[in-house]
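**Student:** One letter stands for each residue in the lines below.
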Amino acid sequence: MTVLVRLALLAAVLALWEVAGRAANPLMAVPPSAVLPALRELLLLRSYPDLPASLLLTLREIALAYGLAVAAGLACGFALGMNRLVGRVYGPMLAALYAVPAVVWYPSLMLFFGLDAASKIAFGFLLGFFPVTLAVLAGIRQVNPQLVTVARAYGAGPVRVFASVMVPAMLFTLIGGLRTGLALSVIGVIVGEILGSKRGMGALINHAYGLLRTADYVALVLVTLVLIVGSDALASLVERRAKRWTD
Amino acid sequence: MTLRVRALQVVSIAAMLAAWETAARAGWVDPLFVPAPSAVVRALAKIGGQALAGLADTLGKTAVAYVLSVVLGVAAGLFVGSMRLLREVLNPFVIALYGIPKILVLPWIVLVLGFGAAPAIFYGTIHGLFPILVLVMGAVRDVDRTLVTVARSYGATTWQLYWKVLLPAIVPSVLAGMRLGVVFCLLGVLVVEMFAGVRGMGYVMSAFANGFQAPELFAATALVSAASIAIVLALDHLNEKLSHWRG
Numbered sequence: 000m001t002v003l004v005r006l007a008l009l010a011a012v013l014a015l016w017e018v019a020g021r022a023a024n025p026l027m028a029v030p031p032s033a034v035l036p037a038l039r040e041l042l043l044l045r046s047y048p049d050l051p052a053s054l055l056l057t058l059r060e061i062a063l064a065y066g067l068a069v070a071a072g073l074a075c076g077f078a079l080g081m082n083r084l085v086g087r088v089y090g091p092m093l094a095a096l097y098a099v100p101a102v103v104w105y106p107s108l109m110l111f112f113g114l115d116a117a118s119k120i121a122f123g124f125l126l127g128f129f130p131v132t133l134a135v136l137a138g139i140r141q142v143n144p145q146l147v148t149v150a151r152a153y154g155a156g157p158v159r160v161f162a163s164v165m166v167p168a169m170l171f172t173l174i175g176g177l178r179t180g181l182a183l184s185v186i187g188v189i190v191g192e193i194l195g196s197k198r199g200m201g202a203l204i205n206h207a208y209g210l211l212r213t214a215d216y217v218a219l220v221l222v223t224l225v226l227i228v229g230s231d232a233l234a235s236l237v238e239r240r241a242k243r244w245t246d
Numbered sequence: 000m001t002l003r004v005r006a007l008q009v010v011s012i013a014a015m016l017a018a019w020e021t022a023a024r025a026g027w028v029d030p031l032f033v034p035a036p037s038a039v040v041r042a043l044a045k046i047g048g049q050a051l052a053g054l055a056d057t058l059g060k061t062a063v064a065y066v067l068s069v070v071l072g073v074a075a076g077l078f079v080g081s082m083r084l085l086r087e088v089l090n091p092f093v094i095a096l097y098g099i100p101k102i103l104v105l106p107w108i109v110l111v112l113g114f115g116a117a118p119a120i121f122y123g124t125i126h127g128l129f130p131i132l133v134l135v136m137g138a139v140r141d142v143d144r145t146l147v148t149v150a151r152s153y154g155a156t157t158w159q160l161y162w163k164v165l166l167p168a169i170v171p172s173v174l175a176g177m178r179l180g181v182v183f184c185l186l187g188v189l190v191v192e193m194f195a196g197v198r199g200m201g202y203v204m205s206a207f208a209n210g211f212q213a214p215e216l217f218a219a220t221a222l223v224s225a226a227s228i229a230i231v232l233a234l235d236h237l238n239e240k241l242s243h244w245r246g
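Chains as they are written, first to last, in numbering that gives the first Met the number 0: chain A, 0 to 246; chain B, 0 to 246.
Next up, chain B with everything else stripped away, as it sits in the complex (with noise of 0.2 Å):
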């Protein structure tokens, strides 16, 4: 079965390919927009080294960004999500803002901190931050209370509690939340390079786009999504060996 699936997959892609090749090369669709897969793949080795430049950039950007999702989301979680008072008034805040489109911001953001890595870390790491604020706050909330109750009645410190009890007890909810928030953190830089940028693989792509280079273009975002998915992939790769370990 799996096998036959996964031939069914390559043999659609394969399809696909070929029709868009023959709809390319016959003439129904006009290259000018829609190029040939054989016409991106030889854009794909011109822009090679540009795009590559761009993408370093870009995911070093998302990088930092990530970090201080991670770190910031986690620590605030923690944080708010222990205690019932903060937690119960800044609850509806939380969910606000990670609702709103950040996007209405993003023209203020520029303004404040201008163009380059800046506003791009920036709004990257507020499109990472609430998916794992929210996730570490609703966990450490369901925390079993027995395990809190029983270390504090072995006299645990509040920093044991938070680094032996609360923070095991939230590992798999925050695996999860680092698995939404790095798509997010790299749809904020692209984002902010799209709209403002000088760099990265948003600029490059916008460029393209601006100068109807299609094949280019298409190759830029080939590149772009197989990054993206490669990383999520890794993630979910890393999240199985750990719930192994985990036991």
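Excised from the complex, chain A in its bound form (with noise of 0.2 Å):
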């Protein structure tokens, strides 16, 4: 029931921007009737030759830029949650910087890093980053800390205590880190490229929309989607596997 719902839902949406697309300014909006043969022409390689490349490309960005927020975000995660101390002095100093809008330290890495990929690499790894590092700190202080003496007690040297004991209890907020890391490691490269680049998906969306070509804009757009959302799907599919394997 609910489901159909939804499925007549979709259908109006789609029809009312068919009939509003068809009423508009063809360089401000365009119907759906128009994004199909937009979209054909664009996945046969007629309109933009470079599609594999620049999704290549953007691809390589993220995997680049979500690898090392990984690194790093587990290394600071668990350095800072460790230890009470450096947690103590450190945590809340991230926590503030979590508070600024991340897109503050964009222009500064643009500067920094130049308009080619690398000031896309650092700005989806700074935004990857923090919620890896948040979710390391939460899971480690969801291990219930008798589990560790008892460990202990039992003669379990730290590395045996990490991996058997800590990593296992905290496996699922860890997860969770890493998805959101991923998804937010995309959205940094993706708003990089359409800050300001000369490759990749975003240049495309940037070189569409500059020319008002519309149709191919929106082409473009889903074209995208589909790599963000096939991104969070496989995340989400890894997340499942690792719930089973905890329960």
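Possibly wrong hints are sitting among the right ones.
[As the list claims (entries may be wrong)] Restricting the straight-line Cα-Cα distance to at most 20 Å, the calculated cross-link-like pairs of lysine to any residue (SDA-like) are:
{"hint": "1", "chain 1": "B", "residue 1": "LYS101", "chain 2": "A", "residue 2": "GLY209"}
{"hint": "2", "chain 1": "B", "residue 1": "LYS101", "chain 2": "A", "residue 2": "ASP231"}
{"hint": "3", "chain 1": "B", "residue 1": "LYS101", "chain 2": "A", "residue 2": "ALA232"}
{"hint": "4", "chain 1": "A", "residue 1": "LYS197", "chain 2": "B", "residue 2": "ALA195"}
{"hint": "5", "chain 1": "A", "residue 1": "LYS197", "chain 2": "A", "residue 2": "LEU63"}
{"hint": "6", "chain 1": "A", "residue 1": "LYS197", "chain 2": "B", "residue 2": "PHE211"}
{"hint": "7", "chain 1": "B", "residue 1": "LYS101", "chain 2": "A", "residue 2": "LEU221"}
{"hint": "8", "chain 1": "B", "residue 1": "LYS240", "chain 2": "B", "residue 2": "VAL173"}
To be clear, the hints were calculated from the coordinates, so they are not data collected in a lab. Keep in mind that this is a model prediction, so the values were computed, not measured.
Using the hints, put the two standalone chains together into the complex.
**Tutor:** Right under this line is the structure:
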């Protein structure tokens, strides 16, 4: 029942878009019926032959940004979480930085790393880093200290305690943070590309928008959305696997 | 302990600034990209007037977007959250809209609304609206059914039910949403100013970055960050006061 209503709603929105799009100035808005041919031209590489290269570049930027964010976030989170004093000193400072909208750092990154891929990777890294770090901190707080004490009492070394007690106990929180981190790394790279780049999906979107090729713009946005939704679906799959494993 | 933590925080920041200053003076980093803190302070004095005007502009737009997000978010959340069918139908759409990067529609928003305050306010509002909407919808769903039943059986009108039962019951979630929303609104406004601004801090920072004016850029970034942290701390403080008052 709800599914049917949802589908009807979706159809209504599309129909409304079609009607409004036909009535509107074609430079400003295009109906879905005009987007489909544009999407076909795009996917057949007629309108933007460099689509595969751009997609690949954006994916590479995301992979690098996320990889760095995970590595640094885990390292930083465990460094802050394992020592009480260190955590109490630097934890609030990290939280304060988290209260700043991340985009304020982007101009500095652009100045520092230039207009090419490096500034996008740096921004995606920055956005992904915080949720990973904060998830590690939250996860460590969740570990029951008695479990650690018991493991120690039975003669487990620090490595054993870490791998067999702490990681399983905090895995679920950690995986959630890793998923949020991926979503934010993806957003960071795409925001960076749209705010200024010469290559990548963001550059193509800006190009289409700048030339008022609105149908191409919508098609490019749809392709980028598939990339974003796909990455999140992958992360959610991993999350469910991990959940089953911990249960 | 608290005193020691505070002291260590101050010492860490001082040490970092000292190391940075030394590195810049000794020429270990290129002052074109990483200016010394003293140069940043001088730049802050120099750009003070311009930056404060930009900040006022940005914060004004953010305030409008924020009021719109809170009012629309709470109203829509109450309405949708309290109707079971509506909530179940719309929930996945709301979550999806919350999750997808809004930057993809930014070019189109600018295309339709032009340059100036309108796209910034609109984009800031859609950034702030969704976290509030999602939280309020969830909170209304979880309101104790007994409260509603009792109010109904004592003859409460629909208006009284919303105003006297549901709204007070969801205050904590509204406050949590308000705290999240303000950073999102500021983020949205800054992104638009960077993408297509002619005024405001986002524009000012982009202009400094494009002009390779690193000291001025760092000063402007510090100013925006400080303003953002101050706003969040003020909201936290207000939150605490209100929770004391609620008891």
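**Student:** The structure should be examined with respect to each hint, and the outcome stated for every one.
**Tutor:** Hints versus structure:
1. At roughly 18 Å between alpha-carbon atoms, LYS101/B and GLY209/A fall within 20 Å of each other, so this suggested pair holds.
2. For the hint linking LYS101/B to ASP231/A, the alpha-carbon distance of about 16 Å falls within 20 Å, and the restraint holds.
3. Simply put, LYS101/B and ALA232/A have alpha-carbon atoms about 18 Å apart, close enough for the 20 Å limit, and the pair holds.
4. A distance of roughly 17 Å separates the Cα atoms of LYS197/A and ALA195/B; the hinted pair therefore holds under the 20 Å criterion.
5. Note on LYS197/A and LEU63/A: the hinted pairing holds, with a Cα-Cα distance of about 18 Å set against a maximum of 20 Å.
6. Only pairs whose Cα atoms come within 20 Å are accepted, and LYS197/A paired with PHE211/B is accepted, the gap being roughly 19 Å.
7. The hinted pair formed by LYS101/B and LEU221/A meets the criterion: a straight-line CA distance of about 13 Å does not exceed 20 Å.
8. Of the supplied pair hints, the one linking LYS240/B and VAL173/B holds, its CA atoms being roughly 15 Å apart against a limit of 20 Å.
In terms of the numbered hints stated before, the structure departs from none.
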